[in-house]
Structure formats: structure tokens, C-alpha cells
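Engineer: Protein chains in written order, with the numbering used here: chain L, 77 to 440; chain F, -15 to 89.
In case anyone wonders, no lab produced these hints; they're calculated from the structure.
Fair warning: there could be bad hints in the mix.
Said to hold, decoys possible - Straight-line distance between alpha carbons at most 25 Å, and here's what the computed BS3-like set of lysine-lysine pairs gives:
hint : chain 1 : residue 1 : chain 2 : residue 2
1    : F       : 58        : L       : 118
2    : F       : 82        : L       : 118
3    : L       : 115       : F       : 58
4    : F       : 63        : L       : 268
5    : L       : 184       : F       : 63
6    : L       : 115       : L       : 184
7    : F       : 63        : L       : 118
Model, not experiment: these values are computed from the prediction.
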Amino acid sequence: MDAALPASRDYSLVGRDSQRAVETGLAAAEWYHTDVPRKAMKELMKREDGPAIRDTAIWLGSMVVLAGLGILLWGTVWCIPVFLAYGVLYGSASDSRWHECGHGTAFKTRWMNDAVYQIACFMIMRNPVTWRWSHARHHTDTVIVGRDPEIAVMRPPDLVRLILNVFGILDVWHAVADMLRNAAGFVSAGEKSFIPAQEQHKAVRFARIWLAIYAVVIALAVYTGSLLPLMLVGLPRLYGAWHHVLTGLLQHGGLADNVIDHRLNSRTVLMNPVSRFIYWNMNYHVEHHMFPMVPYHALPRLHAMIRHDLPAPNPSILDGYREMIPAFLRQLRNEDYYLRRELPLTAKPYREEFHGEDARAAAE
Amino acid sequence: MSDWIEACTADAIDEEDVMRFDHEGRTFAIYRSPDDEFFATDGLCTHEHIHLADGLVMDDIIECPKHNGRFNYKTGQAKGAPVCVNLKTYPVKVEAGKVLIQLAS
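Pulled out of the complex, with its shape left as it was, chain L reads as follows:
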């Protein structure tokens, strides 16, 4: 497959590689799934309110407490650790809440999913309409060049962009530009490629609501002559983004593109419990992509059930970066290079007709 690829990838959603993915059957393809008995899968997919209510109470409750402390300690050096913690809950934990509630799997009760989805979307600065549809496409065409709108690291990797985004700088820049554009009533060609026509006006409506909220916060900051309102709303998306970038890059970074087996293009990483709370178990990323219906709290059980068919997980975040960063550096010289995930002997082999000799050669 790689042999037929042009030297440079075109990531535009309406460009050459998008068209090519449709023509070659990579778009909306049938993906590999590990066999799981129906009864077991039903148990795993079962919805509950309890775990997400508990986690949301901890999440939002901690934010309220930290915000109160931050206000009390504002102007002293002691507010720094408080805002660092608040920022991670605002600018990173919101990423996983946006994600899980977008799937509708966090809570059993629909309105709870929707309410947390809206709160998290606002914090992470992702339009709740646009990003619902972009994420649907991400699951249909995971890391298919020209089709997936959520490829975090394109090839060759833009390392400056990655570093800036540790502090959310480019993401927020684009998010603000998109919000202003949508609020003015404009939906881009790329957005139109994955948002159905009847949904596009909703993206505009949310952008206008958000713009009004930010206008109030900025006005409050100007009126009080203090940065404090923005430290609580808006800026934490910058100073608290690092954890969701740290974990998010591991999802697909350095792995194969243009394949239809999540074992090849996604990474499961075992993590400490604090990161797993912030990340809501999305470290089980192969499992999540293979079975998006399984709620975050059931992913460890799913992992135990199917790990015989998956590449070995990375044992830590550090281990993941130890393989990913050298892969990024090699992709600067050879963008076809990727890390090929080795399967255990108990696993069903990859479908080599979709990722054959040439792709393997690029991985070596």
C-alpha cells in the first residue's frame, strides 16, 4: 500500500488523499475486531450512572474548591500550585469528558451525558456540534490521511506545533478563530465535509453563545482590572493543557496510517491512577477504538479480555515516549516510517493485503 502512496501526504479533508481513500476503499472500511462473545460484550457495554457521577463530583467539586482557594490566594505565590492543579482539571480533564460524553457512554442517563458534554466542550474550546461530527469521522476513518480530521501528528511531524500545543497555544488560536468565524455565520468547507447540512446552524448558535460568555469574562477582567476572571475561565485551556497533550499524543503517535486495524494505528499505555482519572481510561486506546460502545469504566475489563489478541501495551507514559519521540525524529527524514506493533503468538495476524511488504519495510 505504501508503495503507491505519493511522497507527501495531503491531509486536507477535501484534497487528493481524501479522494484517494474513497477510491481505494480505505474510507468507511470494515475494520478488524477481536472476537468477543455477545453475552460478554453486552455486559461490557452496559451503562451505569454511578462511576461517572462519582468522577464528575470529584472533578467539578475539586475545581470549585481550587477556584475558591485561587481567589483567596490570588496575588500570593501560593496561588501558583492551586492554579496549576485547577488548570489541569479545566484544560485537560475536560478533554476526556468531552470525549466520553460525546460517545454517550459515560452515564446511563442521557441528560447527564449531554450536560457534562456541554460543560467539557466549553472548557476544551471544541464546538459541541463540529467536534461531535469530527469525532464520528475519526472513528470511521481513524488515521486515514485526508479523511480523519483529528490526526494530532501529521507526517512529517511539526515539532514546533507539538511543543506550542503543550500549552494549547495553536489549538486555542484555531479554536478562537473558528469560534469567531462560526459566530459570524460561516462554516468552512472542511467542516461542511463532515457536518450534515441540517446540523450546521447549531454550530453557529453555540459559537455565538460562547462568544457572549467570553465577552462577559473579558469585560469583568477589564472592569476589575484583574486577570483573575480569565485565570478561572479561558486561560486554563492554555496553562492546563499539558496533560491532555501528554496523553493524547500517545494515542496514535508514530504508528501506522492508512490501515484498517486499530492494533496497528493505536496505542494502549498503562498509566498511574491520577493520569487515568484525568484521562478517563482512554489509555486503553486500542480497546476504545475497537469497541467504542464500551464505557470508560469497563475498559480495564475489556483490556483483560482481549489482550491476547493485541500488541503488548506500553508499560508507562515514559516508555511510550521512548519509542514515539525517536519515531517522530525518523519521520522528519522519512515520513513513511512508522512503528509496527508486534502481535503476540495468540493474536490473529494482521490483514497483510492492507499493510503488506512495503509498509513493513518502511517500519524497519
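Put chain F on the given structure of chain L with help from the hints.
Structural biologist: Same frame as chain L, now just chain F:
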């Protein structure tokens, strides 16, 4: 004129579950509700080409396994993004322990 086709036996589907049924090149989903009633819809999600029979039945909702799109399987109504187009439903009856689906009229 109508055609009642045998899809499966009633005990082949658990309560609050769904089963795939293929017939003459078409695919359907047969549901058994928590109230022990049977229903049938087209088998593929209207959003993308995904078999609903791999999804999750919750009360009168079927949730697509790929993007979590939701339909009321009794009426076929799409319940919101990412599904916008309703599912086609089919009459169903149970006779002598067999689930019959009416495919044409």
C-alpha cells in the same frame, strides 16, 4: 400481497437484545424488547454502513456500535447526532415460537 418471512425462533434472542437477519441480499435487525415484544428494522445504521445487531439495546433504543447513534427501534425514529435519518421498520409477528417479518406488501 404480503410476504411473511421466518427470521428466527423467538428464543434465539434474549430479552432486551437484537439479532441480525439476512435475507435475499438484505440485512435486518430483529429486536426483543424488555416487555417481550418483537420488532424489526433495517439492519444497517442510516449514518454509516454498520450492523446495528452488534449494538446495544436499552429499553426501546438501539445504539449503533460504531458511533453510538441512537434509534427508537419500535418507530425507527433517529434520536439525534450522529444519526439524522430514521430507520425503516417492518411488521413482526410471532407464531408457533417463530418470529416472522413482513418484508413486502
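Engineer: Need the status of pair residue 184 of chain L, residue 63 of chain F: alpha-carbon distance at most 25 Å?
Structural biologist: 15 Å, holds
Engineer: Does the structure keep residue 58 of chain F and residue 118 of chain L at a Cα separation of 25 Å or less?
Structural biologist: With Cα atoms ~20 Å apart, residue 58 of chain F and residue 118 of chain L stay inside 25 Å; holds.
Engineer: Sort out whether residue 58 of chain F lies within 25 Å of residue 115 of chain L, counting only the CA atoms.
Structural biologist: Holds, because 23 Å separates the two Cα atoms, which is no more than 25 Å.
Engineer: With a cut-off of 25 Å on the C-alpha distance, tell me whether residue 82 of chain F and residue 118 of chain L pass.
Structural biologist: 24 Å, holds
Engineer: Could you grab the alpha-carbon distance between residue 115 of chain L and residue 184 of chain L and see if it respects the 25 Å cut-off?
Structural biologist: 19 Å, holds
Engineer: Compare the distance between the alpha carbons of residue 63 of chain F and residue 268 of chain L with 25 Å, and conclude whether the hinted pair is satisfied.
Structural biologist: Holds: residue 63 of chain F and residue 268 of chain L sit about 21 Å apart, inside 25 Å.
Engineer: Is residue 63 of chain F within 25 Å of residue 118 of chain L, Cα to Cα?
Structural biologist: 21 Å, holds
This entry satisfies every hint, going by the numbered hints stated previously.
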